[in-house]
Every structure is written in C-alpha cells, then in structure tokens.
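Just need the whole structure built from these sequences, with the hints factored in.
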Amino acid sequence: MQAGWLIDQVDTAIQVDAILGIKILVLQKLAFLWKSYFQVASYAAGYLKIILAIGHGLSLRFAKK
Numbered sequence: 037m038q039a040g041w042l043i044d045q046v047d048t049a050i051q052v053d054a055i056l057g058i059k060i061l062v063l064q065k066l067a068f069l070w071k072s073y074f075q076v077a078s079y080a081a082g083y084l085k086i087i088l089a090i091g092h093g094l095s096l097r098f099a100k101k
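Whatever position you read off the sequence shown (first residue = 1), add 36 for this note's numbering.
In short, the hints are calculated from the structure, not lab data.
FRET-style restraints, in silico, Cβ to Cβ:
#, residue 1, residue 2, range
1, 97, 59, 55 to 63 Å
2, 51, 73, 31 to 39 Å
3, 90, 53, 54 to 62 Å
4, 90, 65, 34 to 42 Å
5, 44, 81, 50 to 58 Å
6, 76, 47, 43 to 51 Å
7, 96, 62, 45 to 53 Å
8, 68, 89, 26 to 34 Å
9, 59, 95, 47 to 55 Å
10, 94, 60, 45 to 53 Å
All C-beta atoms, glycine included, are put in the ideal place defined by N, C-alpha and C.
Written out as structure tokens, the structure is:
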C-alpha cells in the first residue's frame, strides 16, 4: 500500500514537471517573440522619425520660397 502511494506521488510529480517544462518553453518562445516585435517596432519608429524629419525639412524649405 505504502509503496504504491509513493509510486503514484512520483508519477504525479513527473507529470507536473513535464507540464511545467512545456509551459516554461512556451513562455520563453512568447518572450522571444515579444522582444523581436518590440525591436521591429523601435526600428520602425526610428525610420518614421527620420522620414518625418526629412519631410519637415523639405516643407520648411519650400515654404520659404
């Protein structure tokens, strides 16, 4: 009786460990995706600022003439 209970507990612990391992892997993948998404967003924001600055400079140049 006692040995069977212990085996059940170990089996349950292994199952929980496997589920947690999968969840941690998924979280790592999500974190990587978020990080790359924010990198792309910051690059896009940088390019947008450059484009807006060029557009602003051109509009000032043509407004003076």
